[in-house]
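Enquirer: Sequence:
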Amino acid sequence: AGVNTLRPVLEINGDTYSSVAIAQEAPKIPVGSTELRPHRLSIALYDNVNGEIKLRKSHELDVAGALTTVPEFAGEKVADLLLINDGDLTYAKIRFDERSIATLKKDLGKIKDSLTRALCWSAAWDMARDAEISATDFVDIAIAGLAGESEVSTVTGLGFQLTTTIELYAHPSHRDALRSKLADACAGFLAAAESGSDHQLQFAKMFTTNATSPEHIERIKALLDGKLPGLKVDADLRWFFVIALTDLGVFGRAEIDAELARDKTKTGEESHAQAIATIPTLEAKQAAWKIITAPETSNSIRAKSIVGFQSIGQRELIAQFADKYFAELQTIWGQGFETGSTFVEQMYPIAVTTQAMLDKSYQWLKNEGKDSPAMLQRYVNEAAEGLARALRAQERDK
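All the letters of the sequence shown, read from the start, carry residue numbers 1 to 398 under this note's numbering.
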């Protein structure tokens, strides 16, 4: 069974609510679902009071059917943040009204309660994935929230979400500006983070992932050289910076090999393979492809090589292998489930977020792949659905 969506339905007169209701929508997946469930939950009003988002009023009620009114909120002053499912009492997809979105874009980090922040983070991310807010809005929400986020696990998770947002969900014309904006913000968070803290480490990684300018590159080199007090640059973190500089075209084979000479371990060999596959040249990608598709390649080297090959900013290079991906799907699937499923899922050219790539995927399913194993078709279809989601999000971010 899928998950219901709960969204506010508001009528506003001046600066007060004339009516507040909660609309419940049937799950989008499975397609054709009509089920509406009963929910016991709280709905809450929050205001910005002296620079802090504080709870004004919360009301617990039963939600049933398509529309449930909240008469207790009629006549209340319009809140800066209206939160359905305050306290996380039920399981549902939560939506915000426009004023609440505007508040999150400025002040998410001013919510002191960690559970309330987490609910807002989760709902905002889900709205971005479902193209109900733009990728640009989500980046603004994230920057506002990161400024006051005390939970390092949340900061860590946001690293993945923001990369996905900028590289897949943002309109292509906005990507560079969003990367730069986020990197600049992370540079500030990094400078303010407690020396030696987990926050310092995560902000260093997030900054590095989104670095674009010559100034950013010099900052990464300084991080690699251990010039940030408190940041422990161990072998793994060194490789993280080396791979990032390789992705940016700053480092090449010489620097990568020199790093392996410093770290002659199994982990070092795996990171070396990832770094080589990250080199932004056609020759490097061709060599990585051979390693990835060779039956004798170890699973660990294959996995790291795939990560390097799929460096998401290298769209033009990845696009040159799209036809090869579809042509070799069934052959590599025949190498065994682990090798085949890894290739199908992780080598899908998701970075090439175009309608043409989506069409190519569905054409393969309809033609060459129509008689292929059902599990293979399922993996390709799921990958295509991920691309379709990205295209919907890009349309929202125009």
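Honestly, the hints are just simulated from the structure, not real lab data.
It cannot be assumed that every hint is accurate.
[What the hints assert, rightly or not] Restraint ranges, calculated between C-beta atoms of paired labels, are given here:
(1) 32 x 392: 17 to 25 Å
(2) 229 x 115: 30 to 38 Å
(3) 398 x 213: 44 to 52 Å
(4) 72 x 267: 23 to 31 Å
(5) 38 x 297: 29 to 37 Å
(6) 296 x 265: 19 to 27 Å
(7) 150 x 36: 30 to 38 Å
(8) 180 x 122: 51 to 59 Å
(9) 64 x 281: 26 to 34 Å
(10) 269 x 88: 40 to 48 Å
(11) 157 x 37: 26 to 34 Å
(12) 67 x 126: 38 to 46 Å
(13) 87 x 64: 25 to 33 Å
(14) 152 x 218: 38 to 46 Å
Here the structure is a predicted model, which means the values were calculated and not measured.
Ideal Cβ placement from N, Cα and C applies to all residues, glycine included.
Enquirer: For every hint, state whether the structure bears it out.
Expert: Right, here's what the structure says about each hint:
no., hint, verdict
1, 32 x 392: 17 to 25 Å, "holds, 19 Å"
2, 229 x 115: 30 to 38 Å, "holds, 33 Å"
3, 398 x 213: 44 to 52 Å, "violated, 25 Å"
4, 72 x 267: 23 to 31 Å, "violated, 58 Å"
5, 38 x 297: 29 to 37 Å, "violated, 52 Å"
6, 296 x 265: 19 to 27 Å, "holds, 21 Å"
7, 150 x 36: 30 to 38 Å, "holds, 37 Å"
8, 180 x 122: 51 to 59 Å, "violated, 27 Å"
9, 64 x 281: 26 to 34 Å, "violated, 60 Å"
10, 269 x 88: 40 to 48 Å, "holds, 44 Å"
11, 157 x 37: 26 to 34 Å, "holds, 27 Å"
12, 67 x 126: 38 to 46 Å, "violated, 21 Å"
13, 87 x 64: 25 to 33 Å, "violated, 19 Å"
14, 152 x 218: 38 to 46 Å, "violated, 27 Å"
The structure does not agree with the numbered hints 3, 4, 5, 8, 9, 12, 13 and 14 stated previously, though it agrees with the rest.
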